[in-house]
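**Q** So you can see what is in the structure, the chains are spelled out below.
Protein chains: 2
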Amino acid sequence: MENRILLSHGGGGEETQKLIKNLFFKYFSNPILEKMEDAAVLNTNSKIAFTTDSFTISPIFFKGGDIGKLSIAGTVNDIAMMGAKPRFLSCSFIIEEGFPFEDLEKIVKSMSEEMKKTEVKIVTGDTKVVPKGSVDKIFINTTGIGEIIYDGISASNLEEGDIILVSGSIGDHGACIMAQREDIEMESEISSDCASLWPLVKDLINSGVKIKAMRDPTRGGLSAVLNEWANQSKIGIEIEEEKIPIKDEVQGLCELLGLEAYTLANEGKLVLVVPKGEEEKALDIMLKSPLGKDSQIIGKVISDYKGKVILKSSYGTRRIMEPPAGELLPRIC
Amino acid sequence: MENRILLSHGGGGEETQKLIKNLFFKYFSNPILEKMEDAAVLNTNSKIAFTTDSFTISPIFFKGGDIGKLSIAGTVNDIAMMGAKPRFLSCSFIIEEGFPFEDLEKIVKSMSEEMKKTEVKIVTGDTKVVPKGSVDKIFINTTGIGEIIYDGISASNLEEGDIILVSGSIGDHGACIMAQREDIEMESEISSDCASLWPLVKDLINSGVKIKAMRDPTRGGLSAVLNEWANQSKIGIEIEEEKIPIKDEVQGLCELLGLEAYTLANEGKLVLVVPKGEEEKALDIMLKSPLGKDSQIIGKVISDYKGKVILKSSYGTRRIMEPPAGELLPRIC
Ligand SMILES: Nc1ncnc2c1ncn2[C@@H]1O[C@H](COP(=O)(O)OP(=O)(O)OP(=O)(O)O)[C@@H](O)[C@H]1O
Ligand SMILES: Nc1ncnc2c1ncn2[C@@H]1O[C@H](COP(=O)(O)OP(=O)(O)OP(=O)(O)O)[C@@H](O)[C@H]1O
Ligand SMILES: [Mg+2]
Ligand SMILES: [Mg+2]
Ligand SMILES: [Mg+2]
Ligand SMILES: [Mg+2]
Ligand SMILES: [Mg+2]
Ligand SMILES: [Mg+2]
Chain A
1 MENRILLSHG
11 GGGEETQKLI
21 KNLFFKYFSN
31 PILEKMEDAA
41 VLNTNSKIAF
51 TTDSFTISPI
61 FFKGGDIGKL
71 SIAGTVNDIA
81 MMGAKPRFLS
91 CSFIIEEGFP
101 FEDLEKIVKS
111 MSEEMKKTEV
121 KIVTGDTKVV
131 PKGSVDKIFI
141 NTTGIGEIIY
151 DGISASNLEE
161 GDIILVSGSI
171 GDHGACIMAQ
181 REDIEMESEI
191 SSDCASLWPL
201 VKDLINSGVK
211 IKAMRDPTRG
221 GLSAVLNEWA
231 NQSKIGIEIE
241 EEKIPIKDEV
251 QGLCELLGLE
261 AYTLANEGKL
271 VLVVPKGEEE
281 KALDIMLKSP
291 LGKDSQIIGK
301 VISDYKGKVI
311 LKSSYGTRRI
321 MEPPAGELLP
331 RIC
Chain B
1 MENRILLSHG
11 GGGEETQKLI
21 KNLFFKYFSN
31 PILEKMEDAA
41 VLNTNSKIAF
51 TTDSFTISPI
61 FFKGGDIGKL
71 SIAGTVNDIA
81 MMGAKPRFLS
91 CSFIIEEGFP
101 FEDLEKIVKS
111 MSEEMKKTEV
121 KIVTGDTKVV
131 PKGSVDKIFI
141 NTTGIGEIIY
151 DGISASNLEE
161 GDIILVSGSI
171 GDHGACIMAQ
181 REDIEMESEI
191 SSDCASLWPL
201 VKDLINSGVK
211 IKAMRDPTRG
221 GLSAVLNEWA
231 NQSKIGIEIE
241 EEKIPIKDEV
251 QGLCELLGLE
261 AYTLANEGKL
271 VLVVPKGEEE
281 KALDIMLKSP
291 LGKDSQIIGK
301 VISDYKGKVI
311 LKSSYGTRRI
321 MEPPAGELLP
331 RIC
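Chains as they are written, first to last, in UniProt numbering: chain A, 1 to 333; chain B, 1 to 333.
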């Protein structure tokens with residue numbers, strides 16, 4: 001195989017076929033994919049979850065992951081957030097002419113390793129190669145299908161008294177990418193939290209805890225999720241500021257750059273809403289999973305401040321957690 | 001709304017929410033999409049077809065269509081080729097900072113118009129904005145789910161005696177893009193065939209004709225499809241050269257540029273294999289549809305020349321229709 005991707009690898013002719021068979025099938029192989037038809041034929045539950053994300057992250061290799069791992073975990077997580085077991089993925093690559101074959105193989109391998117954590121399979125794909133300069137290195141889209149096993153999770157379900165939990169420290173992914181991009185010294189300490197959350201969600205579902213709402217706080221961070229919930233459910237949310245888990249090195253970076261950790265992206269965390277009384281059981285389950293070992297109860301749903309998120313400090317002062325706005329960080333995922 | 005897309009439109013904060021609600025929902029609106037959850041919840045048949053394509057075409061507006069129309073028709077067609085009724089699509093946009101809002105609206109509108117031809121719906125999406133220079137204008141991924149209503153279509157089904165049909169003139173899309181890109185005079189005459197083929201496929205299925213194999217000859221053209229069939233089914237294919245419908249202006253362009261029309265991409269044609277004896281009935285149905293008005297029976301499956309496609313001229317001479325290879329035309333779809 002050549003050591004760089006050429007335009008001919010995307011032409012739809014013999015070289016494309018070879019790339020698909022020799023590289024993609026080597027790592028993604030399964031009988032459905034290998035049929036190589038226009039579409040994969042699948043047997044599923046009749047009630048499914050369906051979601052898509054494109055990944056444009058820069059740099060493509062970062063501490064804690066790479067664009068490949070992220071492209072699997074990201075879509076697996078959006079499926080899991082709806083109470084669905086991740087079953088099938090599509091993957092679509094847009095590759096810049098001249099991209100090193102070795103890097104592509106690293107990415108594809110990393111995708112295949114991440115898929116092992118949840119039994120999800122790539123069953124259909126697409127490969128485009130564009131001339132140098134038409135794309136920066138590589139973009140990957142994954143679109144996924146999950147079988148809903150826990151029904152009724154929704155951003156519109158929040159009611160007064162409900163309790164809000166987070167599965168661990170926030171801002172790690174955003175801080176990691178920012179540190180690496182700005183070449184900040186701290187870089188070496190901050191690692192992305194990039195991970196597939198399905199094993200944790202499965203534990204929660206199996207425990208019988210009632211799940212009202214659940215989201216992965218990716219772009220826009222914790223703040224985007226809470227503000228969207230407050231809006232969609234037309235309720236208020238009160239968060240105890242000191243309960244939000246934030247790693248020292250992430251907090252340090254935020255102070256250095258004048259940012260709030262709760263607007264930074266996460267790629268391996270979930271925010272959860274349970275009815276009052278279920279929070280200790282939920283927390284217990286979460287703490288037992290390696291994916292939730294730093295989980296915390298961070299707040300509750302209130303009836304005033306409708307549509308707003310309130311941050312309560314340990315001194316009892318209150319301020320509004322504004323929804324994220326402005327440029328934030330491009331190419332974070 | 002601003003007249004250009006800004007990085008903030010992809011940040012995941014308030015501007016992203018506004019763009020999604022004010023632009024995408026305006027044209028794609030339906031109750032499933034508007035729930036705005038992490039994943040769409042769908043009720044489907046238990047047997048589905050699942051397929052993905054990313055669209056990177058340049059220029060984004062061309063005679064006969066644009067990247068938006070193409071992104072719908074392309075995925076609808078891969079679903080239809082498996083005997084499935086197109087039901088649900090995801091769409092994922094990667095947009096270059098500074099892209100004109102007006103052009104984006106044109107594209108989104110064109111997607112919504114193309115969807116009306118088949119009742120397919122966009123139920124989930126993603127929007128990324130990348131800094132100027134990270135992508136050339138706009139790329140769109142669509143991934144689709146269809147309900148299989150005609151089971152068993154496969155590239156491995158071809159047997160000696162089967163008859164091969166094509167639904168109209170070949171090479172139109174490839175020739176159109178090439179002419180437009182090279183600024184060739186003929187440009188004005190050649191229009192892309194970009195179209196959703198489901199209405200034609202539905203007619204075929206409803207007629208009761210037995211469909212053994214079916215493909216849309218996109219990148220790599222007719223030659224790629226026939227050669228892949230010959231390979232996968234381990235049979236030979238004999239095509240009567242003068243039966244292949246080619247428009248004069250496309251043939252003219254091919255002669256000018258030294259190309260073969262059967263390696264050029266199509267975006268609104270299908271190639272069909274039926275058992276011997278069913279070909280006249282199939283042709284009848286196809287000719288009655290506006291999508292198949294120039295359909296032709298072009299050849300048959302033979303037992304010798306296994307793995308090869310033979311072109312028979314009107315003088316009886318034979319040559320091999322080589323599988324496409326080399327650079328072909330980048331960014332054709
Ligand atoms: N990166 C990939 N990983 C896994 N499978 C892939 C990948 N790229 C393509 N495939 C598979 O290879 C086969 C051919 O893909 P291809 O994109 O050429 O088909 P198509 O979508 O019908 O054509 P076009 O993209 O020109 O419209 C399909 O079955 C597809 O699922
Ligand atoms: N271009 C679009 N067209 C239609 N719907 C869209 C589009 N972009 C996003 N959406 C919808 O808006 C909602 C929010 O999308 P968003 O991409 O922010 O969610 P997410 O995938 O959970 O976050 P992230 O992309 O940061 O991982 C989803 O319900 C999604 O389906
Ligand atoms: Mg196809
Ligand atoms: Mg997501
Ligand atoms: Mg494809
Ligand atoms: Mg999400
Ligand atoms: Mg296709
Ligand atoms: Mg998204």
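If you're looking for bench data, these hints aren't it; they were derived computationally from the structure.
Heads up, some of the hints might be wrong.
No copy is singled out in the list; a pair is fine if it fits within one copy or between any two copies.
[What the hints assert, rightly or not] Derived SDA-like pairs: lysine to any residue, alpha-carbon spacing no greater than 20 Å straight-line:
(1) 202 x 318
(2) 137 x 305
(3) 300 x 185
(4) 234 x 147
(5) 132 x 97
(6) 243 x 3
(7) 35 x 151
(8) 47 x 329
(9) 288 x 29
(10) 132 x 312
(11) 47 x 121
(12) 106 x 276
**Q** Determine for every hint whether it applies to the structure shown.
**A** Each hint tested on the structure:
1. Proximity of residue 202 to residue 318 under the C-alpha cut-off of 20 Å is found in neither arrangement, the shortest distances being 36 Å within a copy and 61 Å between copies.
2. Taking CA atoms no more than 20 Å apart as the test, residue 137 paired with residue 305 passes in neither setting, with 45 Å inside one copy and 42 Å between copies.
3. In this homomeric assembly, residue 300 and residue 185 never come within 20 Å of each other (Cα to Cα): the closest approach is 37 Å inside a single copy and 67 Å across copies.
4. In the homo-oligomer, the alpha carbons of residue 234 and residue 147 never lie at most 20 Å apart, since the shortest distance is 29 Å inside one protomer and 37 Å across protomers.
5. Proximity of residue 132 and residue 97 under a CA criterion of 20 Å is satisfied in both settings, with 5 Å inside one chain copy and 19 Å between copies.
6. With identical chains, the CA atoms of residue 243 and residue 3 are never at most 20 Å apart, being 50 Å at best within one copy and 42 Å at best between copies.
7. Taking the shortest Cα distances, residue 35 and residue 151 sit within 20 Å of each other only across copies (15 Å), while inside one copy they are farther apart (33 Å).
8. In the homo-oligomer, the alpha carbons of residue 47 and residue 329 never lie at most 20 Å apart, since the shortest distance is 36 Å inside one protomer and 41 Å across protomers.
9. When the C-alpha separation of residue 288 and residue 29 is checked against a cutoff of 20 Å, the pair qualifies neither within a copy, at 33 Å, nor between copies, at 42 Å.
10. In this homomeric assembly, residue 132 and residue 312 never come within 20 Å of each other (Cα to Cα): the closest approach is 51 Å inside a single copy and 40 Å across copies.
11. Taking the shortest alpha-carbon separations for residue 47 and residue 121, both the intra-copy value of 18 Å and the inter-copy value of 17 Å come in at or below 20 Å.
12. Proximity of residue 106 and residue 276 under a CA criterion of 20 Å is satisfied in neither setting, with 45 Å inside one chain copy and 48 Å between copies.
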